[in-house]
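Number of protein chains: 2
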Amino acid sequence: LKIKIDRNLGPSIVRQIYQAISDKIMSDLLPNGSKLPSIRSLAKDLDISLMTVVAAYNLLEEDRYIIQKHGKGSFVHRASSNQSKIEDKHLWQHSYHDYLPRAPFSNNLIQYKHVIPLSISTIYPGLYPNKFIENQLRKVTENDPRILTTYGDIQGDLELRKEYTSYLKQFGIITEPNQVLVVNGSQQAIDLVARTFVGPGDYVIMEGPTYPAAIDVFRARGASVLQVPLDDEGIRVDILEELVEKYNPKLIYLVPNLHNPTGIITSNLRKKIILEIVSDKNCMILEDDPWSELYFDTLPQPLTSLKSMDKKGKVIYIKGSKVLVPGCRIGVLVAEGSIFQKILSAKGYSDLGSPLLSQKILQSVLSSEHLNQYLEKLRIALSIRKDYLLEKLTNSNIPSISWTKPNGGINIWVTLPEWVDTEALLQTAILEGVSFLPSAYFFANEPIRNQLRISFASVDELSLKLGTEKLIHCLKRI
Amino acid sequence: LKIKIDRNLGPSIVRQIYQAISDKIMSDLLPNGSKLPSIRSLAKDLDISLMTVVAAYNLLEEDRYIIQKHGKGSFVHRASSNQSKIEDKHLWQHSYHDYLPRAPFSNNLIQYKHVIPLSISTIYPGLYPNKFIENQLRKVTENDPRILTTYGDIQGDLELRKEYTSYLKQFGIITEPNQVLVVNGSQQAIDLVARTFVGPGDYVIMEGPTYPAAIDVFRARGASVLQVPLDDEGIRVDILEELVEKYNPKLIYLVPNLHNPTGIITSNLRKKIILEIVSDKNCMILEDDPWSELYFDTLPQPLTSLKSMDKKGKVIYIKGSKVLVPGCRIGVLVAEGSIFQKILSAKGYSDLGSPLLSQKILQSVLSSEHLNQYLEKLRIALSIRKDYLLEKLTNSNIPSISWTKPNGGINIWVTLPEWVDTEALLQTAILEGVSFLPSAYFFANEPIRNQLRISFASVDELSLKLGTEKLIHCLKRI
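Chains A and B supply the protein sequences, listed in that same order. The C-terminal residue of the first sequence carries number 530 in my numbering, and the numbering is unbroken. The C-terminal residue of the second sequence carries number 530 in my numbering, and the numbering is unbroken.
Check each hint, because a few of them may be wrong.
All copies of an identical chain are treated as equivalent in the list; a pair is satisfied when it fits inside any one copy or across any two copies.
To be verified - As a list, the in silico BS3-like pairs of lysine-lysine whose alpha-carbon atoms are at most 25 Å apart: (1) Lys-364 <-> Lys-87; (2) Lys-124 <-> Lys-54; (3) Lys-96 <-> Lys-124; (4) Lys-333 <-> Lys-87; (5) Lys-191 <-> Lys-96; (6) Lys-333 <-> Lys-54; (7) Lys-121 <-> Lys-517; (8) Lys-364 <-> Lys-54.
In short, the hints are calculated from the structure, not lab data.
Sequences are here, hints too, so could you generate the full structure?
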């Protein structure tokens with residue numbers, strides 16, 4: 053059992069222990085019946101007082117995660133869990149030490165079938181031109197069936213890298229194919245950067261709230277995550293500057309355009325200030341740009357990336373696989389100099405390169421004359437969904453609730469009265485048959501608890517309608 | 053600049069420093085002009101004497117990796133390098149600390165075009181039934197074009213996991229779909245296991261020689277790698293047992309069937325002893341099974357895996373993407389209990405799941421009635437190539453040279469007289485227009501230098517013929 057205590061963080065040490073253990077229990081990393089360390093030994097390991105551990109264990113017992121048996125110790129005991137019993141022959145495995153950080157929150161949601169997943173930030177397959185993509189695929193394999201059995205380069209297919217180079221110009225990015233790395237989606241890109249440059253004791257600064265799976269990756273590297281709040285113009289640069297001066301962070305992870313989950317667009321002035329702040333610091337920025345293609349008609353054109361203003365090679369730019377052909381899981385990373393070479397090495401360690409077939413399909417979609425038309429249709433469909441959801445929320449007349457009106461992307465960010473805990477609300481919603489993502493998931497440390505993210509793109513239209521109704525029903529009952 | 057010194061390892065500390073720095077220079081992670089740490093500061097950092105650093109730097113200067121400028125310091129200076137100058141604006145990047153281990157040897161080989169790559173352990177695309185695979189692909193997408201735009205499960209497509217469950221029976225593996233994880237090739241599987249269970253200070257035991265990219269992954273986690281020699285029956289279990297007792301390793305990585313690079317098959321008795329050795333230890337075995345389908349007619353049937361004898365969940369079994377549809381880069385991992393759950397979490401952190409399209413293609417190939425026929429043809433083609441290469445070697449009458457006669461796989465392992473350094477020989481071979489993999493690449497620490505691996509599957513038949521001639525020409529000139 054690995055618990056990391058950080059005395060500099062907001063939450064109390066009791067809360068940190070509680071969180072670490074309950075996370076592991078909820079995701080079944082500590083199955084029912086597992087014995088927890090004794091109070092004495094945990095206190096010694098973490099160099100904290102016995103009373104602190106007692107308080108944490110009492111809290112865990114109160115919330116029905118564990119039971120404490122006098123003279124025998126403390127055991128995981130989830131009454132509500134319907135997991136099948138772990139067979140005896142694997143019991144030894146529980147003492148096999150691992151290096152995993154907090155259990156991924158998202159695992160908690162996977163179990164629920166029969167629930168309309170407005171929690172998931174993906175785009176419904178029916179919104180893509182599947183027949184068109186299939187035709188592109190056919191051309192690719194007819195042209196050269198051997199790509200099905202050929203290993204590609206570690207860096208990625210050269211022709212795809214050329215296509216990306218010209219595709220990225222619309223976001224202001226001027227690069228060349230040898231500075232482009234093909235990756236398996238943005239998740240892998242974040243992971244490659246983290247494993248190359250982030251290690252134990254390093255500080256990583258992120259927006260708060262931010263993309264949950266990125267928090268998990270940095271935590272997994274042993275880094276301390278600091279979060280900076282946002283206002284209407286993006287990340288609060290005054291706080292960012294203070295934190296950079298004080299902590300000398302290794303990396304700043306940002307989603308400057310159509311931020312996940314809030315949809316906020318960082319102003320160009322803020323973007324310049326961000327670059328100024330890190331200009332003479334030994335610190336890189338990781339710019340995640342998941343869906344700047346998906347702007348609505350309230351915006352005139354694609355958004356300018358932070359990378360486009362980067363003159364010194366301080367920004368690593370990544371774009372994932374959500375918008376183009378999601379089934380291929382192909383994304384892209386752009387960087388310069390030795391930073392790029394090192395990330396390329398990490399890609400080699402990680403998987404020796406992305407699958408060639410997926411790359412070729414994406415290349416052929418990127419080079420097609422129909423691409424713009426296809427993106428335009430997607431933007432319109434998403435904009436209609438967004439308007440639908442906003443209208444339903446407005447008409448519901450729920451008191452003390454507010455929400456964002458995003459200019460693009462696939463999410464709406466809702467704020468409830470301060471006394472509402474959306475993690476608890478999620479349990480009610482799941483019983484109703486709908487899910488969302490509670491704000492706590494988007495924070496590394498002491499979270500804001502009264503917000504939630506609704507994704508309006510992940511399901512078919514009927515499910516969106518049903519899900520919205522169920523959700524509004526839940527919100528009304530608060 | 054990160055250098056790790058291990059006082060318990062064979063090579064001297066001078067040699068370890070030399071190796072660490074020259075590796076980084078060769079792979080351009082330390083470009084020309086980079087300033088090395090001062091002798092005083094490096095000695096202090098590593099807690100070693102000034103004279104040790106002086107000796108290492110002198111050696112590096114002698115071998116023309118660096119120049120030492122009196123009063124100014126030591127600088128990387130590769131006269132032979134024709135790298136373009138790194139632009140000034142990225143110079144700051146050289147002081148940005150990274151967590152990379154030794155530079156991947158393989159990068160050194162990628163640069164050489166016009167060289168017949170008998171160094172690469174892949175199978176030539178022309179040996180696969182590409183049209184058949186293309187047809188399967190067509191069926192998949194016609195059936196449901198939406199798989200092109202759908203995210204799959206983190207664990208992998210359920211139908212593919214079912215197919216794998218029945219495919220793996222031939223290797224004696226009885227499992228079920230919920231114990232099967234779909235991965236992006238064996239490289240990712242090794243990486244997932246390493247990041248979940250291997251950390252700084254842990255010991256990992258491997259065969260010596262072994263698969264080079266696996267060494268890199270464990271090193272990248274900060275582990276100490278110990279290697280155990282092989283004899284005709286597989287890993288030397290007497291030495292293995294001693295090391296397990298002494299070092300309490302976290303993981304044992306093995307290729308028990310058709311070992312890479314030697315082709316050795318671990319006997320069933322040895323397999324039982326290996327399991328006995330770890331039976332009551334807090335230690336897992338990672339069994340890599342790249343190509344046990346590729347047995348020649350000297351063997352009666354597929355080989356039995358170590359996993360098939362595992363009664364306690366001690367073995368994590370992985371099978372990569374080389375034999376089935378390499379362009380898809382889809383492989384599989386089998387494990388049980390909490391070990392499996394933890395690796396599944398790591399897969400989520402790493403990339404949120406493998407691409408669905410690739411999985412569906414592989415599923416359709418696995419379920420096809422033509423699969424056996426296709427594998428039989430591949431075995432015959434490879435066996436003919438192996439015989440060709442062995443015959444050429446025999447007829448060349450080179451004195452003091454021996455080689456393996458593999459019962460399967462795609463490599464031959466050649467032993468030259470003890471005074472030959474095959475890393476130096478590779479430079480000659482590249483000038484001749486052919487490459488192989490020198491034995492030093494297969495060792496984590498002080499290597500055996502007089503062996504080399506020839507891959508007979510990676511190129512078309514004409515290139516194999518030409519490459520073999522060029523290679524024999526080189527060997528004759530020793």
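Outcome of the hint check:
1. Lys-364 <-> Lys-87: between (52 Å within a copy, 20 Å between copies)
2. Lys-124 <-> Lys-54: Cα proximity of Lys-124 and Lys-54: one copy only (21 Å, versus 46 Å across).
3. Lys-96 <-> Lys-124: Intra 19 Å, inter 49 Å, cutoff 25 Å: intra-copy only.
4. Lys-333 <-> Lys-87: Classified as between: cross-chain Cα gap 19 Å, same-chain 46 Å, threshold 25 Å.
5. Lys-191 <-> Lys-96: neither (64 Å within a copy, 61 Å between copies)
6. Lys-333 <-> Lys-54: This pair counts as between: shortest inter-copy Cα distance 20 Å, intra-copy 32 Å.
7. Lys-121 <-> Lys-517: This pair counts as neither: shortest intra-copy Cα distance 49 Å, inter-copy 73 Å.
8. Lys-364 <-> Lys-54: between (39 Å within a copy, 24 Å between copies)
The structure fails to meet hints 5 and 7 from the earlier list, while all remaining hints are met.
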